[in-house]
Structures are given as structure tokens and as C-alpha cells.
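Q: The whole structure should be built from the sequences, with the hints applied where relevant.
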Amino acid sequence: MGAEHTLVTMPSRLLVVEDDPDISMVLRALLEEEGYAVDMAASLEAALALVDERVYALILTDAFSRQSDHVLASAQALVARARPTPVGLMTGWLVSAEEATRTGYSFLVPKPFSVQDLLASIAAAIEAPLTSEQQRLVPVVERYFSALSARDWDGLVALCTEDVKYVPPGDTPHATSIQGRDAFRAYTERTFHAFPEARFEEISVRGLPTGLATRYQGSWRTRDGEWSRLSGAVIFHFREGRIAEIGIQLNEERLRADPPRS
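Per our numbering, residue 1 is the first one in the sequence shown, and the count goes up by one each step.
Everything labelled a hint here was simulated from the structure, so no lab data went into it.
Every value quoted in this text rests on a predicted model; they were computed, and no experiment measured them.
The C-beta atom is built at its ideal place from N, Cα and C for all residues, glycine as well.
Heads up, some of the hints might be wrong.
[Claimed, not checked] Simulated restraints, written as ranges between beta carbons of each label pair:
#, residue 1, residue 2, range
1, Gly35, Pro129, 13 to 23 Å
2, Glu53, Arg143, 24 to 34 Å
3, Asp163, Asp22, 54 to 64 Å
A: Next up, the structure:
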């Protein structure tokens, strides 16, 4: 089993962030020929918007830097927003692969790039294997999201330890730190009451040194009656096969700007 696990069979979807139209055209043709589904963005701002909408197996981004000492910092906002999705950095600046991985990138692609090296780096980042223990825990993550979509609160808390800890993002309208099954259940029921039609449509799972990280795409009905989509991340830590800690990452500004129907 690879590091990416999806609930729906589909081609691995990549996001390529490149402002040079000629390079963009070459990359898209190359990656689609390899069987990937490809979305393109011409700027970091456009890429951040797409990351909020979709789940990607991997992101390949230009550095968008005009200064050599700013190369590694240039796309850090994208790395943080997309986590745990691997992000490969493309640049013509002289940067070592060790420096790139130390600052959060999965790999470095020097420009001009070797096609074979590029494809090998992408494949390795997507297909890094889960350990046998992580493979055993993937169905627990799947059942977690299924229980949320089905409003199966008994099934949800049964997946967790008695002292489960839930850590939502900082200052969303529904943010508060929760500990214990009963508190987690009450919080989740209360929160999903404000998201009466919320559902999780795609889940991607990757391994961490001490747990599993997921990227999900969710949708809900807004106050205007329209469907809205938001991609986010959940970090799971386990104890004896049950979920012991849950950490949430999502775009809080987007959630506040596009609230659910209440």
C-alpha cells in the first residue's frame, strides 16, 4: 500500500504551480501522459485557493523568487496550507536538496530539469510506503470520516480512547480544545448541527513518524443554499489501535467568509 489512500479509485491528482506558460504546457503534457490528473496554477495565490478546494496527491511549485536568499521561503505558505500533501520545489537558483527538505519540501527539482529525475521524484513522494502498523490503522481513519458523514456519534467515539484529545484550529467559531469521549461527542454533535448537510467526499492518508496525516475534501450547504467546498487536514495519533489525539488544520478565514447554513 502506498502512502496515499483514497476512498474512491481515481488517478493521482497533481497541482503544478508555474507562471511560465511554455514550462506549464510541457509539464502538463508530460504528467498527463504519465496518467496523472493535473491542475495548473500560475501564481501562489491561485494555488492556495485550489488547495482549499481539492485534495492533491502532490504539488509541484516554482520558487517564484527574485532573490537567491528568498528561494526556500518563497512557497512556505503553500507548504503549510497543503500539509500533509508533499510539495516539490522547482527552481533555477542554486539550492541543495538537503536545504529544501530541511525546510519542508519533499524534494528539489533544479531547472532545467531532467524528465526522468522529475518523474522519479514525484513517484517516490506519492508512493512512499506505510508501515504495516499504519496500514492497519487506515481503516480506523476511514471509519472516522464515514461516521462524521453519517452522524453516527456512537460509532465515532467507539473509535477513540476514553481520554481522546481533540484540538481544532485556533479561532474558528467552533474552536475549543476538547478532552474525553463524552466531551468530544457533545462537541461534535453541536458543531455538526451547524453543518446539517456536511459530508466528506475524498480522503487521502499519509504516514507520519508517530501517526497518520490525512487530507480531506468536505462540502456543506451555505446560508444561501449553495454547496461550498473546503479542503483541510487532520493529524491522528493512536494508542492500542484507537484514536488518542486529533488535530485539525483548515483555512479559518475561508470558513468564516462562507459560513454553513444554520
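Q: Each hint should be assessed against the structure and marked as holding or not.
A: For each hint, the structure was consulted:
For the pair Gly35 and Pro129, the supplied restraint of 13 to 23 Å holds, since their beta-carbon distance comes to about 20 Å. The supplied range of 24 to 34 Å is met by Glu53 and Arg143, whose beta-carbon atoms lie about 25 Å from each other. Separated by about 56 Å at the C-beta atoms, Asp163 and Asp22 satisfy the suggested range of 54 to 64 Å.
Of the numbered hints given earlier, the model fails none.
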